[in-house]
Amino acid sequence: MADHVRIGVLGAAKITPAAVIRPARSSTVAEVVAVAARSASRAQEFADKHGIARVHGSYEDLLADPAVDAVYNPLPNGLHGRWTLAALAAGKHVLCEKPFTANATEAAEVAAAANASGLVVMEAFHYRYHPLAVRVDEIVRSGVLGPLRHVEASVCFPLPVFSDIRYDYGLAGGAMMDAGCYAVHMVRLLGGEEPEVRSARALLRGPSIDRAMRASLRFPSGHTGSVHASLWSSAVLKLSLKAIGENGRLSVFNPLGPQLLHRLSLRLKDRSTTETFGRRSTYAYQLDAFTAAVLHGKPFPTTADDAVRTMTVVDAAYRAAGLPPRQPAA
Numbered sequence: 001m002a003d004h005v006r007i008g009v010l011g012a013a014k015i016t017p018a019a020v021i022r023p024a025r026s027s028t029v030a031e032v033v034a035v036a037a038r039s040a041s042r043a044q045e046f047a048d049k050h051g052i053a054r055v056h057g058s059y060e061d062l063l064a065d066p067a068v069d070a071v072y073n074p075l076p077n078g079l080h081g082r083w084t085l086a087a088l089a090a091g092k093h094v095l096c097e098k099p100f101t102a103n104a105t106e107a108a109e110v111a112a113a114a115n116a117s118g119l120v121v122m123e124a125f126h127y128r129y130h131p132l133a134v135r136v137d138e139i140v141r142s143g144v145l146g147p148l149r150h151v152e153a154s155v156c157f158p159l160p161v162f163s164d165i166r167y168d169y170g171l172a173g174g175a176m177m178d179a180g181c182y183a184v185h186m187v188r189l190l191g192g193e194e195p196e197v198r199s200a201r202a203l204l205r206g207p208s209i210d211r212a213m214r215a216s217l218r219f220p221s222g223h224t225g226s227v228h229a230s231l232w233s234s235a236v237l238k239l240s241l242k243a244i245g246e247n248g249r250l251s252v253f254n255p256l257g258p259q260l261l262h263r264l265s266l267r268l269k270d271r272s273t274t275e276t277f278g279r280r281s282t283y284a285y286q287l288d289a290f291t292a293a294v295l296h297g298k299p300f301p302t303t304a305d306d307a308v309r310t311m312t313v314v315d316a317a318y319r320a321a322g323l324p325p326r327q328p329a330a
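Numbered as in the UniProt record's numbering, the sequence shown ends at 330 without a single skipped number.
Calculated directly from the structure, the hints in this document are not laboratory data.
Take these hints with a grain of salt, some might be off.
Derived lysine-lysine pairs resembling DSS-like cross-links, with alpha carbons at most 30 angstroms apart [to be verified]: (1) 238 to 269; (2) 14 to 298; (3) 14 to 49; (4) 14 to 269; (5) 269 to 242.
Label-pair distances were calculated between CB atoms; the ranges are [as the list claims (entries may be wrong)]: (6) 327 to 272: 46 to 56 angstroms; (7) 135 to 269: 19 to 29 angstroms; (8) 25 to 261: 22 to 32 angstroms; (9) 207 to 261: 19 to 29 angstroms; (10) 18 to 327: 23 to 33 angstroms; (11) 91 to 48: 42 to 52 angstroms; (12) 149 to 58: 47 to 57 angstroms; (13) 261 to 296: 28 to 38 angstroms; (14) 275 to 149: 21 to 31 angstroms; (15) 272 to 143: 17 to 27 angstroms; (16) 218 to 41: 47 to 57 angstroms; (17) 263 to 299: 26 to 36 angstroms; (18) 31 to 149: 46 to 56 angstroms.
Even glycine gets a Cβ: it sits at the ideal position worked out from N, Cα and C.
Required output: the full structure, derived from the provided sequences and hints.
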């Protein structure tokens, strides 16, 4: 059995240093060994800047590299599915950025391939691997809140650069895709069941592109939920989640990047407590989980099957808002 995971990166995305390069430097079992970009010069520039030894002029060449065990896929949303499938066909494990694919139909196709391959395919919901999210899950599942009444999550941050790919419908962009998939995943975690989208309302940047969206949900057991996502709206910065039960409430400030600043508050009928956790990054915990799955077969929560369930809610929110679900890039 190999004693470490050699990672190749598809593209030169801005998130890559935080997501895998820096965490790998402090890992004893992970190494970023190769990068490919749309142009060889861009790949070389990225490799030189970040100390990556191998450079490929195409994604296909990287996938064919026998020195690469696993692929990190931070390409635009509309390309996630295509290149995750290509990586699986090449026998590589995959850490794929969220959202997993352009829509639930594509997610199901990728999940089927992942399950048939025996390879590790992880959706990069990095927040889920931090001790804060683990503790949130523990509190809600313990029943201390009593029967749930309502759960909600907001992921709102300013992105006023409208030329950004996240506003490009052709690349499966939109606020619900980029920020909202986090909020949907968090609400699914809190709610403990798969919700139905009852209604949704979007603020538009273009004919099919949402710059913000709110969606109302209902879970099979009767509790309600809400999701708020924004790239550009009056909700400039809001990162929070909340679970309200008959016996109390759980509130979290900044569940997305708790290494920067965060707070978990639990208010029950007889006591109130506040908890905080360390400064180690969510991405470092995620890389730990990914390498443990690859090297030792350890289970993890953000599987391809889980991604299908998240994308099902995202698609339903778009339809409820009168917008089309996203499509894979042509």
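Status of each hint after checking the structure:
1. 238 to 269: holds (27 angstroms)
2. 14 to 298: holds (29 angstroms)
3. 14 to 49: holds (12 angstroms)
4. 14 to 269: Roughly 45 angstroms between the alpha carbons, so the hint for residue 14 and residue 269 is violated.
5. 269 to 242: holds (17 angstroms)
6. 327 to 272: 46 to 56 angstroms: The hinted range 46 to 56 angstroms holds for residue 327 and residue 272, with Cβ atoms some 47 angstroms apart.
7. 135 to 269: 19 to 29 angstroms: Given a distance of about 20 angstroms, which is inside 19 to 29 angstroms, the answer is holds.
8. 25 to 261: 22 to 32 angstroms: Distance hint for residue 25, residue 261 holds at roughly 24 angstroms.
9. 207 to 261: 19 to 29 angstroms: With Cβ atoms ~37 angstroms apart, the hint is violated.
10. 18 to 327: 23 to 33 angstroms: Holds, since residue 18 and residue 327 (Cβ atoms, about 28 angstroms apart) stay within the stated range.
11. 91 to 48: 42 to 52 angstroms: 28 angstroms Cβ-Cβ, so the 42 to 52 angstroms window is violated.
12. 149 to 58: 47 to 57 angstroms: holds (52 angstroms)
13. 261 to 296: 28 to 38 angstroms: holds (33 angstroms)
14. 275 to 149: 21 to 31 angstroms: For residue 275 and residue 149 the Cβ distance comes to about 22 angstroms; the hint holds.
15. 272 to 143: 17 to 27 angstroms: holds (18 angstroms)
16. 218 to 41: 47 to 57 angstroms: Since residue 218 and residue 41 have Cβ atoms about 52 angstroms apart, the given range 47 to 57 angstroms holds.
17. 263 to 299: 26 to 36 angstroms: Given range 26 to 36 angstroms: holds, Cβ gap about 29 angstroms.
18. 31 to 149: 46 to 56 angstroms: Holds, at about 47 angstroms.
Checked against the numbered hints listed earlier, the structure breaks hints 4, 9, 11; every other hint is satisfied.
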